[in-house]
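Visitor: Chains A and B supply the protein sequences, listed in that same order. With the working numbering, the residue at position 89 of the first sequence is 89, and numbering never jumps. With the working numbering, the residue at position 195 of the second sequence is 316, and numbering never jumps.
Derived from the structure by calculation, the hints contain no laboratory data. Predicted model, so just to flag it, every value in this text is computed and none were measured. Among the hints, a few may not be true.
Think about it this way: if two alpha-carbon atoms lie no more than 20 Å apart in a straight line, the pair counts; the simulated EDC-like pairs of lysine to aspartate or glutamate are [said to hold, decoys possible]:
(1) A:Lys116 to B:Asp175
(2) A:Lys76 to B:Asp156
(3) B:Lys447 to A:Glu110
(4) B:Lys168 to A:Glu99
(5) B:Lys261 to B:Glu293
(6) A:Lys50 to B:Asp187
(7) B:Lys447 to A:Glu109
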Amino acid sequence: MQTNDYIKLQVCPVDDGTNTKSTIGAPNLSFIIRDEDHTLGNSLRHIIMKNPAVDFCGYTIPHPSESKINFRIQSKINEDSTAVPAIDIFRKGLLDLKEMCSIVLEKYEESVKTFKEMETS
Amino acid sequence: MASLNNIRTRIKLEETEVLHTTSTDFPGNYPGYDDRLNLDEFRKNLKIQISNLDTTTTEFDLIGIDAAIANAFRRILIAELPSMAIEKVHVTENSSVLPDDVLAHRLGLIPLHADPRLFVDKVSSDTKEREDDTLIFKLKVACKKNPKATTDGNDNSKNPYINSNVYTEHMEWIPIGNQATKFKSEDVGPVSHDILIVKLRPGQEIDLKLVCHKGIGRDHAKFSPVCTASYRLMPEIILKKPIYDEDAEQLQKCFTQGVIELEDDNKGHRRAVVSKPRLDMCSREALRYPALKDCIELNKIRDHFIFSIESVGALSPDQLFIDAIKLVMSKCDRLLQEIDGNINN
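Starting from the given sequences, assemble the full structure and let the hints guide the process.
Guide: Laid out in structure tokens, this is it:
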């Protein structure tokens, strides 16, 4: 089983010739997420594609016997050639997915409660 | 030509193909639609209606959610929620007809009552059996001839053997440490006492120590806390033109019983009406008849999931669904933490 210091997320540095190491502010980024599959990959992709600042978002499982996914985000370049950094889009996607789940959780617990009340009465 | 709204919200069943299967409601895809993620709107539109909930099964409608999210919940229920199962079998004696490995595999599949939330994952380098990560059972059964059995061979009323069938009720729980005060035997034992493990004949015996650990379904299906967790989409049947008499009867026969009902109109004809589309199993039989083909439209509602969960027995199905949602949230949390770590590097 995994320990806490195990690194799950790896951000691939952008190779634009000038600033090869920095991932901050880059409009296009690839992430490697270990020990994840379609469960997180597809739901996160769906949430991120709902973001209008995103040009492209997709993921792939490069090989079925390796448990990791490659996750790609490309953000939209505006007319003044600025773009939302991909890492911010990724962060927002995770926060949105979490918020969405908490809404589902809240609604589900509510309906379980009303169902159980209806049954006992 | 299907309207834009139909493409966005319905999956269309044609005679030889299924159309508009993937979600396309993303920003920039359709003029005039705002497809940005709007969580307030989501909260308003999300409906959960429970139609059945008991200790082992539940069925509920999840309306207003995308397949990507519903599928994440389903996948987590099957493969990522933990449960306890027999992982190691120490064999002292096995003279039954089942080889040790086959017997051990059978034992592994026995569902246990033990609440996985009260245990921690086993650290693989730690070989010691600890009270918070291991459960131990003893299974020691020997088969003998029944001295009271009749010998003429005709009377089947008495079993000629004692202990010829080994059931899960023969499993004896051996508490470690303070487990005896923490649990009762029925809290951790097999969910059912009449699961047949192996058959013995006089002279054969088994003497086993069963070691249970916590695990997840991705590693082995025996750790999956659900028998099935599945969903289907709500069917929608539209009668585009009124259908009468023989055609109506024909239409009724094409669907599962109860989906189409015939009602008398006041002119002395019987007219087909859609009564319970929920019962439909989405057969496309009706589209094979030229007389019916142009009168009906078969759809599935893209964001209406009929979710069904069948628990193995350790946890109630509503608790499992709650845990599944919480697991998606903790996955997000974990990655959010790591993003911040990565940026600092």
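Visitor: Now tell me if each hint is right for this structure.
Guide: Here is what the structure says about each hint:
no., hint, in the structure
1, A:Lys116 to B:Asp175, "10 Å, holds"
2, A:Lys76 to B:Asp156, "16 Å, holds"
3, B:Lys447 to A:Glu110, "15 Å, holds"
4, B:Lys168 to A:Glu99, "16 Å, holds"
5, B:Lys261 to B:Glu293, "9 Å, holds"
6, A:Lys50 to B:Asp187, "11 Å, holds"
7, B:Lys447 to A:Glu109, "12 Å, holds"
Taken one by one, the earlier hints all hold for this structure without exception.
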